[in-house]
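Take a look at the letters that make up each chain.
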Amino acid sequence: MTEHTSIHDYDRVFLLGLYERMVLIREFEERVKYLFLEGRMPGTIHQCLGQEATAVGVCSNLTDEDYITSTHRPHGHALAKGLTPLEILIELFGGVTGCCRGKGGSMHVGNIRKGMPPAIAIVGGGIPVATGMALALKMQHRSNVVACFFGDGATSEGAFHEAVNMAAIWDLPVIFACENNRYGASTPVGQIMRLGAEGLKSVADRGAAYGIPADTIDGNDVLAVYEAAKDAKRVCLEGGGPVFLEFLTYRITGHSRRDPCLYQPKEERQAALQSEPIGRFEGVLLQRADVVQSDLDGIRETVAKELSEAIAIAEQEPKPVPEDVLTDVYA
Amino acid sequence: MVKQLSIVEALRAGIAEEMARDERVFCIGEDIGIPGGWGGAFTVTLGLERAFRDRIIDTPIAENGFFGVAVGAAILGMRPIVDVQYGDFLFCAMDQIHSNASMLRYMSGGTVAVPMVMRAPVGATGRGAQHARNVERFFVGIPGIKVVAPSNAYDAKGLLKAAVRDDNPVMIFEHKLLYGSKGARMETGAVDSSSDVPDEDYIVPLGTARVARRGSQVTILAWLLMLHHALSAAERLAASGVDVEVVDVRSLSPFDFDTIGASVRKTGRVVIVEEGPKTGGVGAELSASIAERFSPSLKAPIVRVASPDVPVPFAPVLENAYRPDPDRIVEGVRQVLD
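Residue numbers (this note's numbering), protein chains in the order written: chain A, 1 to 331; chain B, 332 to 669.
Among the hints, a few may not be true.
Said to hold, decoys possible - Sample of chain B residues at the chain A side, in silico, Cβ under 8 Å: (1) Asn395; (2) Gly441; (3) Gly475.
Stated by the list, open to error - Covered stretches of chain A (in silico footprint by chain B; criterion: 3 or more residues with CB under 8 Å from a CB of chain B, positions within the stretch not fixed): (4) 104-117; (5) 130-139; (6) 315-329.
Said to hold, decoys possible - Calculated pairs, SDA-like style, for lysine to any residue (alpha carbon to alpha carbon, straight line, at most 25 Å): (7) B:Lys630 <-> B:Ala593; (8) A:Lys114 <-> B:Gly441; (9) A:Lys138 <-> B:Gly378; (10) A:Lys138 <-> B:Asp497; (11) A:Lys138 <-> B:Ile392; (12) A:Lys138 <-> B:Gly408; (13) A:Lys138 <-> B:Asp385; (14) A:Lys138 <-> B:Ile365; (15) A:Lys138 <-> B:Leu379; (16) B:Lys597 <-> B:Arg665; (17) A:Lys138 <-> B:Arg381; (18) A:Lys138 <-> B:Asp389; (19) A:Lys138 <-> B:Ala351; (20) A:Lys114 <-> B:Gly408; (21) A:Lys319 <-> B:Arg355; (22) A:Lys138 <-> B:Asp362; (23) A:Lys114 <-> B:Ile365; (24) A:Lys305 <-> A:Gly94; (25) A:Lys138 <-> B:Pro366; (26) A:Lys319 <-> B:Pro474; (27) A:Lys138 <-> B:Arg386; (28) A:Lys114 <-> A:Arg142.
Just so you know, these hints were derived from the structure itself, not from any lab.
None of the values given here were measured: they were computed from a predicted structure.
C-beta: ideal position from N, C-alpha, C; glycine also.
Pulled out of the complex, with its shape left as it was, chain A reads as follows (with noise of 0.2 Å):
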């Protein structure tokens, strides 16, 4: 909860509807790991369960006409967004019906009619994108925003700092989502960072070098999310954008497949899975005189028959033709 808000404040179906998003992220992102290991799905992939908060905490802030760019680690941004599942698992089946025609794949997700161009999966390499949709939506004369996500690894490449600062120059509609998760990859955030005392408060520290706003946030508190990207975005549309936004979350799976995560010590994984932002939220939205177990157990249920049926659907979806490879390479 942020400081100002109160649970109380909020409508319940908008409420239910951060859950339902955040469960639905969490669980399709099971059942694809069940499904990859199971090997009826081909490829790799990056999860983000425990990251559920983020991108629904932030998406909910935009509308169809905003845009937002991913990285390698895409599934809950794109679902967020409003991807349907059933596109995204297609494609993930490698599908011609998928969101990308099969093209794509995991870390490529995106619907560019729904606000997502295809994941860019190079680290950092969505931050320059993602500033140049904002100068085309300024030139455009459109109030729209572009919500950038990247993770803390990608704020030691130089297309962050580029990015960030052109934008900053520029004045351009940028969120600046970077999610926390402690780890590029395997390596911890404090070892590729001067953090500390003698150093950098935060990541966030690293977005204010370019003289912008910029915050810490409780990433996984989905209203503390929403209410910071809900002030990012006025912020952004009264031209006094880009905003850096740090969100503090945890992965509590693998970076992509069969990693065991070694390197994330047991004290602190245990903690994460304490805070993880699902069984926050729903302490919290407990609190409410008109929200109880059952309704939580009922969106549970729904959204696990939803994917039921639609990995039923995706699976059999039909397959590209060979010929398709030569296709889709120019205009």
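Once you've looked at the hints, dock chain B against the given chain A.
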């Protein structure tokens, strides 16, 4: 109305006309529109900021960043013309060019377009190794990008306009010695590449080569500065009774195998001239493709005249030894006739 223009003047006119025609077109790069500045490293955009103040965007020195910005703007319907001061700096921007500009259409299953133009000066010009490379070779093998390299003012303007109107990323390589830059930006050793340019709107279609000189015995394939040296060599050979056809390859990706093939079938002898190291060059790809397609027509092995496999040196005597010249092209033609 027809005017005699340099490449710089033709490009400047082409950019201005496209910006006037289509408000989605904008220029982005370093030092391109600073009042009192140079209009880019070679004066191509000089003064355009006065007419298009909001669409000439000067950037920090951050090539990867501003190429990525152009990609993002293009995705949302703008048509950026990205200016890089020297082709050598494209390596700084390679991630955005290769991973994003060239592939986003494919990765998205054809739903995302990246209509951007990239302009990059190339060629050895007394600046030592790092402001001198002919980097065409690195872009010919990138699916999703088109590559052109004009050798005269008419083509420069027509290809630029075609590139701006194309829905793909298009790289335009320009040669520093062919620009015709004036004043403080004048180049020592410049070669006149000015030509008649009409005032009326026209394009030179991407993907087309041009027969620059008709001949019957040998085909020389060249582009940019080497095209001019090839024409000089052809003149000298004509004096000794050798009838050379010179094809301005002009489109490096895709190659125009109709025009190239017609010439190869006619002469049966091919000399490919390239500024830049021989190994792994554009000439290697051209040579292999011609061998695959037109072997039955070849009367002699293909000859490549290129730079040695070394970095570009500084001392004028070394740079001249590096860069193919008419003498070496004449030698190459003699070899293919042996």
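Q | Proposed proximity, Gly408 of chain B with Lys138 of chain A (alpha carbon, max 25 Å) | A | 12 Å, holds
Q.
Please check whether Gly475 of chain B passes as an interface residue: C-beta within 8 Å of a C-beta belonging to chain A.
A. Since chain A brings a Cβ to about 5 Å from Gly475 of chain B, closer than 8 Å, the hint holds.
Q) If you draw a straight line from the CA of Lys138 of chain A to the CA of Asp497 of chain B, is it 25 Å or shorter? A) 23 Å, holds
**Q.** Restraint check for Lys138 of chain A with Asp385 of chain B, where alpha carbons must lie at most 25 Å apart
**A.** 11 Å, holds
(Q) Need the status of pair Lys138 of chain A, Asp362 of chain B: alpha-carbon distance at most 25 Å? (A) 22 Å, holds
Q. Is the straight-line distance between the alpha-carbon of Lys138 of chain A and that of Arg381 of chain B 25 Å or less?
A. 20 Å, holds
(Q) Using a Cβ cutoff of 8 Å, are there at least 3 residues of the region 104-117 of chain A near chain B, or does the coverage claim fail? (A) Holds: 7 residues of the region 104-117 of chain A have a Cβ under 8 Å from chain B.
Q.
Would the hint linking Lys138 of chain A and Arg386 of chain B be met if the CA-CA limit is 25 Å?
A. Holds. Lys138 of chain A to Arg386 of chain B sits at ~12 Å (cutoff 25 Å).
Q.
Tell me if the straight-line CA distance from Lys138 of chain A to Leu379 of chain B falls inside 25 Å.
A. Satisfied, since the Cα-Cα distance of roughly 21 Å is no more than 25 Å.
(Q) Checking one constraint from the list: CA of Lys597 of chain B to CA of Arg665 of chain B, max 25 Å. Satisfied? (A) Distance of about 18 Å is within 25 Å: holds.
(Q) Run the distance test for Lys630 of chain B versus Ala593 of chain B: straight-line Cα separation, threshold 25 Å. (A) 15 Å, holds
Q | Proposed interface contact between Asn395 of chain B and chain A, which counts if any beta carbon pair is under 8 Å | A | Constraint on Asn395 of chain B satisfied, holds at 6 Å.
Taken one by one, the earlier hints fail for this structure at numbers 21 and 23, listed in ascending order.
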